[in-house]
Amino acid sequence: MSTAHESRLPVSPANAVIVGLFLAGALVTALAGRWGACAVLVAMGAGGFATALYARRPGARDITRVNAIEYRDERDRRIAQAGFSAVGAFALALSLVEFVAAVTVGGSQGWHLAQLVTAAQVCLLAVVWGVANSVAVRRS
Amino acid sequence: MKSLVRELRQEAGLSQDALARAVGVSRQTINAIETGRYDPSLRLAVHLARHFDRPVEEMFDVDSA
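Heads up: the protein sequence lines correspond to chains A and B, in order. Going by our numbering, the residue at position 122 of the first sequence is 122; the numbering climbs one at a time, nothing skipped. Heads up: take any position in the second sequence, counting from 1, add 1000, and you land on our numbering.
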């Protein structure tokens, strides 16, 4: 009698994929001899794994679980849907800004600007995701 | 949505955590249902009704805001 999804993994499948991607990236950078990038990717993978384990403990707060993609029940998943909906809407608007900026500036400058905006987009979307999750938790 | 979850839980002498474990959700979800901030799925509503041996329509006032 449960609305929770049981898993044999120590972390959620989504986190297992994310950690796996970081470690695969670390392996590729190590083979290419880029040790600095390798260390960063290993640290990010280990950090992600530790965060997931922390969020999975019995007394974890709902916002901690949702931000760590470690959903325990239907409410966590509903909050996550609301959070990702906000991220999606914001991403569409931001992509439009990026496109207009790149087309307006044009040439190699436009390309550099697009790269800069893409990097900023990742950071901005992460912030939007966190804020949207917090709002969804307070509302539900 | 209003519900009788808090009243029935307290009558049964259960903590939010104990009820949450019994129906397989988090303590925060039980708290959100009791305070009317979260409307449970049909599945969870039925599980809660079964737990307290009450009809689901008696447990939850679907006509409340």
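What the hints contain is simulated information worked out from the structure, not anything from laboratory work. We put the beta carbon where it would ideally sit given N, CA and C, even for glycine. Among these hints, one or two may not hold up.
Said to hold, decoys possible - SDA-like, lysine to any residue: derived pairs with alpha carbons at most 20 Å apart:
hint: 1; chain 1: B; residue 1: LYS1002; chain 2: A; residue 2: GLU74
hint: 2; chain 1: B; residue 1: LYS1002; chain 2: A; residue 2: GLY33
hint: 3; chain 1: B; residue 1: LYS1002; chain 2: A; residue 2: LEU53
hint: 4; chain 1: B; residue 1: LYS1002; chain 2: B; residue 2: ASN1031
hint: 5; chain 1: B; residue 1: LYS1002; chain 2: A; residue 2: LEU27
Said to hold, decoys possible - A few chain B residues that face chain A, going by a derived Cβ cut-off under 8 Å, partial list only:
hint: 6; residue: GLY1024
hint: 7; residue: SER1026
hint: 8; residue: LEU1044
For each hint, the structure was consulted:
1. B:LYS1002 <-> A:GLU74: holds, 19 Å
2. B:LYS1002 <-> A:GLY33: Given pair LYS1002 (chain B), GLY33 (chain A) is violated - Cα atoms ~61 Å apart, limit 20 Å.
3. B:LYS1002 <-> A:LEU53: violated, 35 Å
4. B:LYS1002 <-> B:ASN1031: holds, 12 Å
5. B:LYS1002 <-> A:LEU27: Violated, at roughly 54 Å.
6. GLY1024: holds, 3 Å
7. SER1026: holds, 5 Å
8. LEU1044: holds, 5 Å
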